[in-house]
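Please dock the two separately framed chains into a single complex, following the hints provided.
Residue-level listing of the chains:
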Amino acid sequence: MDEFTITEKKSGDLIILYLNGFLDAHTSSVLEKKFEELLSKKLYKVVVNFSGLSYISSAGLGVFMAYIETLRSNSGDIKLSNMSDKIYNIFDMLGFPILFNITKDESEAIVKFNETV
Amino acid sequence: MSGKDKILIKSSTGNLHLVRDFVEKKAAEMNIAQSVINQIIISVDEACTNVIKHTHKYNDHNEIEIEIEFKDNQFIVTLKYEGEAFDPTKKETPDMKEYFKKFKIGGLGIPIMKKSMDKIEFKHTKPNNNSLKLIKVI
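From first to last, the protein sequence lines stand for chains A and L.
Here the first sequence stands for residues 1 to 117, where the numbers follow this note's numbering.
Here the second sequence stands for residues 118 to 255, where the numbers follow this note's numbering.
If we strip away everything but chain L, and leave its shape as in the complex, we get (with noise of 0.2 Å):
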């Protein structure tokens, strides 16, 4: 793979197999190790799940785009959409005895991203532009 590759989708979880379908071509074109494929799978999902659900609350007039480049070493999918910050990195991780112990629902996403990958960068662009950056390190 050479430079960017990017789609661009309705913001909505029927597009979410999409997304997964597009993020393991780009990474198997990489010959990169299929358990490391799916730890970049799994957290653009819930990356790309969190945005549909809590930025644009299933209004699927939003959209989704999705850059995948390779460089130095490194796999970056970066999602860019409009809509209200979040920064994924500031949220607290749960304490997973606790999670249990309570038996919690939900809140996963995240503790899944922060876990699969090396490196998430969020940045919100006034008026309501936001890019979050998902690094594995090859």
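For reference, chain A alone in the conformation it holds in the complex (with noise of 0.2 Å):
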């Protein structure tokens, strides 16, 4: 099995990511990597997928810190959905719902999106 992997799925001018096996501080630089290529691309809106995330740190948290204001400067938002409890208690721990827009399903992020526009 991979450790981490990302599939995408494209829908207009929103990028949907579905992450897959567990980030931490080893498999981060594999998602930085996707947003950096997304912001080459121009493309500002993203939905992250985690139903097939199994684990994630503080290095994983991360890579949503270093990209948010970017996307959100240029009209676009990360928007997290479909976590587990494992995942969203450590997301919560910290206060990130605050900043982050979380939702149950993945089709709530999109109309959200589509809310904003």
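Note that these hints are calculated values from the structure, not bench results.
Accuracy of the hints is not assured; some may be wrong.
[Unchecked claim] Listed next, the in silico SDA-like pairs over lysine to any residue satisfying Cα-Cα at most 20 Å (straight line): (1) K232/L / N89/A; (2) K221/L / T70/A; (3) K33/A / G223/L; (4) K214/L / P97/A; (5) K243/L / F203/L; (6) K214/L / F100/A; (7) K214/L / L99/A; (8) K207/L / V153/L; (9) K214/L / M93/A; (10) K123/L / E186/L; (11) K188/L / K219/L; (12) K86/A / K218/L; (13) K232/L / E199/L; (14) K231/L / F91/A; (15) K174/L / L99/A; (16) K142/L / E3/A; (17) K214/L / T70/A; (18) K218/L / N74/A; (19) K219/L / G95/A; (20) K218/L / F96/A; (21) K231/L / E3/A; (22) K214/L / N89/A; (23) K218/L / L71/A; (24) K231/L / N89/A; (25) K219/L / S73/A; (26) K221/L / P97/A; (27) K219/L / E69/A; (28) K221/L / K10/A; (29) K218/L / I102/A; (30) K221/L / F91/A; (31) K221/L / N101/A; (32) K207/L / L94/A; (33) K10/A / E115/A.
[What the hints assert, rightly or not] Pairwise CB distance ranges (calculated): (34) E201/L / S29/A: 23 to 29 Å; (35) K208/L / N101/A: 26 to 32 Å; (36) S73/A / G223/L: 18 to 24 Å.
From the three backbone atoms N, C-alpha and C, an ideal C-beta is built for every residue, glycine too.
Quick look at the structure:
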């Protein structure tokens, strides 16, 4: 099994990232590269679906912190969806729901993007 | 689980999953609730990550020993490693409102450890031996 992989789906100017495996200090650079790639393509609206993610540490949280400001300043956002309780608890522990829009389902996150257009 | 159990890893982020698996297995043997196991796992991960990154500066010629002990209703994980002293208990906890407002990055490993564990103890013995204890009362 791969430690960490990302698959993606494009829907108009929206990108949906599906995270699989674990996101720690070893694998977080893979996600960083993905965000760099999206920025270079001027894709600023991102939904991240966590349904396949088994684990996240602060290194993973750091990637979202690193890109949220740039994406928002380009009229985009990072919206997070489909988290297990285990993953949500990590985000919640330090108050990440204050800054990030976290929805139960991917479809809700997409709707929220459409609302803000 | 009786007595102590330990693993030794090369100081590399590629080994973090081995540490997490080890902690999970030992904690599960003690029938600790999964939500508590998750708190212990992330704390040990963050502690090892800090050692790998800051103390050993990604040089995997260094090693970290992770020892687990269960006594007096305490699940105790001790990291033993060589290097310069850095006491995480002395590090100030960031104001998260300010953190989000300024879109800061990094520095969340220690706050996660402090929130997840009941007690953290750091000891440095000359010339360069460190012991970091993460304690969870069960």
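**OP:** Please flag the earlier hints that this structure goes against, numbers listed from lowest up.
**Re:** Checked against the structure, the hints that fail are numbers 8, 11, 12, 13, 15, 21 and 28, while the rest are satisfied.
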